[in-house]
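**Q** Please arrange chain R on chain E, whose structure you already have, making use of the hints.
Here the protein sequences come in this chain order: E and R. Counting along the first sequence from 1, when you hit position 74 you're at 74 in the numbering used here, and nothing is skipped either side. Counting along the second sequence from 1, when you hit position 381 you're at 381 in the numbering used here, and nothing is skipped either side.
Only part of the chain R face toward chain E is listed, based on derived beta-carbon distances under 7 Å:
#: 1; residue: VAL18
#: 2; residue: ALA133
#: 3; residue: THR198
#: 4; residue: LEU236
#: 5; residue: PRO240
#: 6; residue: PRO595
#: 7; residue: VAL597
#: 8; residue: ILE598
#: 9; residue: LYS600
#: 10; residue: LEU651
I should point out that these hints are in silico values taken from the structure, not numbers from a laboratory. C-beta atoms are modelled at their ideal positions from N, C-alpha and C, and glycine is treated no differently.
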Amino acid sequence: MDTFDHYALPVGSAGKLSAGWWGVWALIVTEGALFGYLLFVYFYLATQTDEQWPPEGLPSLIVPTINTVILLVSSAFVWASERCIRLRQINRSIGIMMLAIILGICFVMVQLTEWSNKAYALTSNLYGSLYFTITGFHLCHVIVGIVVLMLLLIWLSLGYFDDKRHAAVTIGGVYWHFVDAVWLFVFTTLYLSPYL
Amino acid sequence: MAISNRTHRRGNEHFERVPELGRAPIGSEEEARLANIWKSEPGWRGWLSTVDHKTIGLRYLVTAFIFLLIGGIEALMIRAQLALPNQTLLAPEQYNQLFTMHGITMIFLYALPILSGFSNYLWPLLLGSRDMAFPRLNALSYWIFLFAGIFMYMSFPLGLAPNAGWFNYVPVSGPIYNTGPNIDVFALGMVLLGISTTVGSVNFVVTLFRMRAPGMTINKVPILVWGTLAASVANLMTIPAVSLAFFLLWMDRQFGTQFFDVANGGKPLLWQHLFWIFGHPWVYAIVLPAMGIVSDALPTFCRRPLVGYTAVALATMATMLIGFLVWMHHMFATGLPTVSLSLFGAASMAISIPSAVAVFAWIATIWTGRPVFQTPFLFFAGFVILFVIGGLSGVMVAAISLNWQLNETYFVVAHLHYVLLGINVFPVIGGIYYWFPKFTGRMMNEKLGKWNFWVMFIGFNLGFFPMHIAGLLGMPRRIYTYSSRMGWDSVNLITSIGSFILAIGILLFIINVIISLKRGKKASSNPWDAATLEWSMSSPPPAYNFAVIPAVASRHPLWEDRLEEEGARRSNLAEGYILMKGHETLSTSPIDARPLVIFKMPGDSYTPFFVGLLVSLLFLGLLLHWWIFTGLMATASCIALIIWMWPQKTLAQRTVSGTAHPLQGDS
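Excised from the complex, chain R in its bound form:
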């Protein structure tokens, strides 16, 4: 009897307990114990097996930035070719591969992954948690992204890169007109990348709803979190469309199915539907988190909270919802029925309403604040201007009659670069200036930073504004050269000069990063005097993030003393749940963030790396028609996944040993 009682108690302690409250200031015994629990192994072992969201976030940032540079170099080659009429720097086929890889790289390998980098690094810090909901999935998501990027570049050195544009319309990308491996590399690479994006999105959604600090009700989360949530939900709903489209295309090309085969009843427009059902929500997925960066960081430099938090949060979600209903505006010139055109044209214009809500909120924040003109502020303010210009040209091309005039001209190229560079690259660079001290413990150079901004801003506008004019003059996109009699000479020359100035701006940024990494001023925990949780810990943050899980009472926990009335509830960052019997963090309820469960988080593991590697090799097998190899890799990834999923006692996923062994009989 006594024994069974003890077993019973042990089981209880293992599966249920009152979380300990306490303090763990730097240097205390508790803090040392936490640091020991959460540290990664040194050397290559830790490098391959780490599941620390901060490491993974930085890897995402660096990898995506390298892809930005590769895509940028491709753009410069394109601009060198187009600087003057009748140039022969590039052959037509080379030009096709370069503009295709430029699009693929920027849209798929840079724009979302860089934002995933910010979100991976920042989410747990913003939400008051010690990790993401699925740390190993997080690592898997990174590894597959890296391998998918390498995969899509595999055929580039052979001169066989994808060459049908990033949206890859059939029949040009079909088996008849495109016989090499070019498109197959793209198709399989996109399915592979889709896995990475999907598991990443699952992680973000579950993290938001389950991993917030107690008291951080849903109406207190930072806008970056809203933006990434919107992007992740959109990805979950729409990535299958593009993965399926590419898979069907690959089947058409390799096995002779007839989905897009006109001669046998297939429909090329089916491709466009599937691609843009994904493609347009994706456009919002790669800007909403960046808009979130601005909504969260701009107020720091205006010395006041964001104006209209609720309106901006709702606008973020509204943009995403309407974003599901606008895909056909990429297909206005394909002969769709007038009813669909009107409906989708109207929806596309309606997007400008939530966008305007956000813009006015930013302007009001600057207007009613006391702006501090530091480098991040310049990038964020520049972003607002570019967003307005890109938004206006967006409303123009949403008008069907004008769209028919401007379709497939440089006007569209100008529009999409204004929105993508304006709403993605500028906030991203500003965001790196802003969080660099948190990432590295050092400040970036302010003087070089201002040069960096102005060179980029002038270069960008000089490069892309004349493209509007080129488009109005009728210059079609994707032509490898043009005759000087077309009257496009000067706009193209100015564009090319601007693009090289922009490149110098990016170069200044890289120089600043390198110099600051080595010689930057040491950063305190909160160098900008900002309001949100990530600035409450040392720079760079400790492995465990929060020594105690804080209790949050407002949207700006570090500004409460200045903003809140006497006697209002305050956040408590010094005292909270300690949770240090292994990798532990607190899980709270989805809406009102009340403590629900003590989560046992998995420690470092090699399985994500191996699953990622094996799955990528599986895709290589598919590409090369090595069927036996493919089968082996499929089996191996299954085994690796089973090892990954095996229930563990340390994670409290199964009973304490043997208490429920079936041989002991049912009770």
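Isolated chain E (complex conformation):
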């Protein structure tokens, strides 16, 4: 009977065959939907408002663009870190993961500076409510992502992972890529769409 084949099967959390890999994608779908609804709220209210939109006029693009690049580079580093594990270069993987975390922290710092430079606050007007809620949601996700990356760093340093077994890095990594990818949508909505 062909369902009873006698070939060797992987045991436990084997990379993309693990349940966690599927689980994190389900999480990404539902979180992606969350950001979809956040941006829906933005556009729904933006199309019906009589207020000056955004209140300060067209937003300056220099700092947010640099910040976007920082986040994307950090994503590339996480990808490289996982690749190094597969090439059995654990030390290099640890170094690159550290850089990714530092870049993530840089993004948070720059974003907080952006916040403090705004002339309005969460409750000043409708735009402020939207701006701070949407970027706040994203910032929370970045912080969670950084905690995940730090855990991966600790586990890597403890020698938990090698080229055969590192599902946690694959799973944590794809969450970080998601957090970065979703920023592109937030960035486009909040910073680029007012120019249209």
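**A** Relative to the frame of chain E, chain R by itself:
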């Protein structure tokens, strides 16, 4: 060299092996070993830490049923108030809180959780697996559901329960018109409950695609599985909408943001969009698994397989897909553009096509079968009738012109109770009669069961059918009393009498459960002579579910001898993969169910309970503005989650000790 070879071999054995084939009949040494591996600790330790999907499923069923009773008592109080005109049994504010809590309880704390109970208990048994994909998430999902239910009832004894209806429209629920904590309890409770539903849905989706027995290709899974899959996918896509809506409302109320604040450019209709983008798919989420119960159990009593399996499975998915595009039919009277009205009206009518496919499949199954009129059959057949009535009134209110007449009247109340009780409560009670022997090892009393059905069926129709007429006579919903000059006296009195008869029916059910638990006839492994895998094991099932992972060859593995031709492939339940080096089960490929991985399942753990508790306390902190407490709870839940996620050797999540320690250098 020799040492490194040995290490290498050990690593291989740990991470890769050929699964052992064999038999493990009851009483064998292998079976005893399995039982020992999968058993939970006795006493409170096992009670708090268990991740057994069967225990969790039963907890879901019992908890949700208790919420059904609470919601039912609220309904009876409402009906007592409305039985006669100009009654003063309840004050207007009390009435508002009661109908709101009735809706919240039934829709959110009963209707889906009870189906999650069935699915949690049954999925691994139906799919031929030893557990769900994420057993600890399963436990977390239950604990958060329980705590969220308690949370939403917290302010009820203080007379400060949510009071703006279960769909909680702004501006009535906004900071200006609703100053107490009532709505904040609801808002935060819903976000908390959303976490429970989301993790539960992730679990169902991954379980379906990865945890089926070899040979159970996607076109062989029971319809209950299709229904719960559709519900879970819908939940993943739409729960964020309602969680976000409630979160934004809470921010509006507590911090002065302006999302729904008309004076500052906010839009009340935004609330309605976000709520119903979630709300309508939710309606299907709380009926599709129940329809699945009928599609799977009704054939047992018709002594033939379901007619049109493929059509019913596709109809289930189609209902869900169209269900994403009908939310505006709750908003026909809000002044939306005609184009949207036509589009959403058409989509709403189109839903009747897949619904009709399912109805005709059930009727054909009864028609061409040899029905056995036992209690579950009565409930399922009754369900078909109620579904048709509720479906017809649904098509009526989907017509925009008629909708404008009937909007916010008792006609809508009648419609939604026909669909929700008809398509949820009747299959659920029938399902409990059907699977009770599997749950407990005892049969329910048949004679009392028939009384139970007829009292419920008569009470239900007597209670809810006249509501259609009340609606046509113009009686608006959510009024706490009415004048006798309106001409609504007799319909209301009949409705109230019917609702109390329905309550007696439910009471008979509870009595039957209690009596049967103690004195019911002992059940064999397959008392109904049914076709699906859950009936292949003892009643109640052993902790490990399947002694060997079976190989499945058809949709009705236990009826193959009667239905399949000579020489056709047969399912093999006696011999299969044994897998007993720890908590192990087989993971297969998503579509054609070929063996892919031997999964190491986590054992019992306290972390789900503590994460659930800490997250719930975090929400309590938010409600009471105890910010430091909130911060502490957030940190504590993070720590608990880190403990939970820490890679473990027993789960083969990390290398065998030290082989890849960085200090040994890169190669």
